[in-house]
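Okay, here's what each chain looks like letter by letter:
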Amino acid sequence: ELKVEQNPLFLSMQEGKNYTIYCNYSTTSDRLYWYRQDPGKSLESLFVLLSNGAVKQEGRLMASLDTKARLSTLHITAAVHDLSATYFCAGTMEYGNKLVFGAGTILRVKS
Amino acid sequence: KAGVTQTPRYLIKTRGQQVTLSCSPISGHRSVSWYQQTPGQGLQFLFEYFSETQRNKGNFPGRFSGRQFSNSRSEMNVSTLELGDSALYLCASSLPADTEAFFGQGTRLTVV
Numbered sequence: 001e002l003k004v005e006q007n008p009l010f011l012s013m014q015e016g017k018n019y020t021i022y023c024n025y026s027t028t029s030d031r032l033y034w035y036r037q038d039p040g041k042s043l044e045s046l047f048v049l050l051s052n053g054a055v056k057q058e059g060r061l062m063a064s065l066d067t068k069a070r071l072s073t074l075h076i077t078a079a080v081h082d083l084s085a086t087y088f089c090a091g092t093m094e095y096g097n098k099l100v101f102g103a104g105t106i107l108r109v110k111s
Numbered sequence: 112k113a114g115v116t117q118t119p120r121y122l123i124k125t126r127g128q129q130v131t132l133s134c135s136p137i138s139g140h141r142s143v144s145w146y147q148q149t150p151g152q153g154l155q156f157l158f159e160y161f162s163e164t165q166r167n168k169g170n171f172p173g174r175f176s177g178r179q180f181s182n183s184r185s186e187m188n189v190s191t192l193e194l195g196d197s198a199l200y201l202c203a204s205s206l207p208a209d210t211e212a213f214f215g216q217g218t219r220l221t222v223v
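Protein chains in written order, with the working numbering: chain A, 1 to 111; chain B, 112 to 223.
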């Protein structure tokens, strides 16, 4: 059974600083997803990582996948207040779209 | 392009009642998945439907059921509601090729 662990669970950052959120998963996952959730809102898709060594970037966020280490990272560059949200990673292991989510990382960017 | 639409957005029900939630996927998407989000348990997979057939199922009691119609719209039903069923229920749709999953705005269910 796939288990997904994120750390840290809470991250308080100063604007302009860099940081990384880590996502470890227990067994082979076909795909690795990153989502953002604002309070009271739904999940916004950020990245889908499909293969070992995959790296995707959008603005100040960059995600990578190391399937051998069963690790994905979400790197935040020069954080701004608008990035404050909860970030989830999720993996899949079965045929279809059964996503197994991590607990989420609450990110607060302070000015 | 319209996104995933869930109705209703908010519901208040009494213990013991039943409830039906609806999800209309993005046009052309044939896979619909349902998730429950609570502060204590996080995001948990309920079930997935593809071409009117349940393709995957999570670890929820039989009180939780779903179905998918020929137009890919999906409903989930919860019978004999319990206080612990209070949650945000999210629906996600995706193309048949099992790629990116897009989520709706959710239905917030409160059981009193």
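Check before you lean on any hint, since a few could be wrong.
[Unchecked claim] Below, simulated DSBU-like cross-link-like pairs (lysine-lysine); rule was C-alpha separation at most 35 Å, straight line:
#1 K124(B) / K68(A)
#2 K124(B) / K56(A)
#3 K17(A) / K110(A)
#4 K168(B) / K3(A)
[What the hints assert, rightly or not] Label-pair distances were calculated between CB atoms; the ranges are:
#5 N24(A) / I123(B): 34 to 44 Å
#6 K110(A) / E211(B): 25 to 35 Å
#7 R174(B) / M93(A): 37 to 47 Å
#8 S162(B) / V80(A): 28 to 38 Å
#9 H75(A) / T210(B): 20 to 30 Å
#10 N18(A) / Q129(B): 44 to 54 Å
#11 T131(B) / K41(A): 35 to 45 Å
#12 T164(B) / S12(A): 37 to 47 Å
#13 L50(A) / P119(B): 29 to 39 Å
Hints in this document: simulated from the structure, not taken from any laboratory. Heads up, the beta-carbon is just placed ideally off N, CA and C, and yes, glycines get one too.
Evaluation of the provided hints:
1. K124(B) / K68(A): violated, 47 Å
2. K124(B) / K56(A): violated, 43 Å
3. K17(A) / K110(A): holds, 10 Å
4. K168(B) / K3(A): Satisfied, since the Cα-Cα distance of roughly 16 Å is no more than 35 Å.
5. N24(A) / I123(B): 34 to 44 Å: This hint holds: roughly 39 Å between Cβ atoms.
6. K110(A) / E211(B): 25 to 35 Å: holds, 32 Å
7. R174(B) / M93(A): 37 to 47 Å: The hint (37 to 47 Å, Cβ to Cβ) is violated, given that R174(B) and M93(A) are roughly 26 Å apart.
8. S162(B) / V80(A): 28 to 38 Å: violated, 43 Å
9. H75(A) / T210(B): 20 to 30 Å: Holds, at about 23 Å.
10. N18(A) / Q129(B): 44 to 54 Å: holds, 49 Å
11. T131(B) / K41(A): 35 to 45 Å: violated, 23 Å
12. T164(B) / S12(A): 37 to 47 Å: At roughly 45 Å between Cβ atoms, S12(A) and T164(B) fall inside 37 to 47 Å, so the hint holds.
13. L50(A) / P119(B): 29 to 39 Å: holds, 35 Å
Consistency note: the structure conflicts with the earlier hints numbered 1, 2, 7, 8 and 11.
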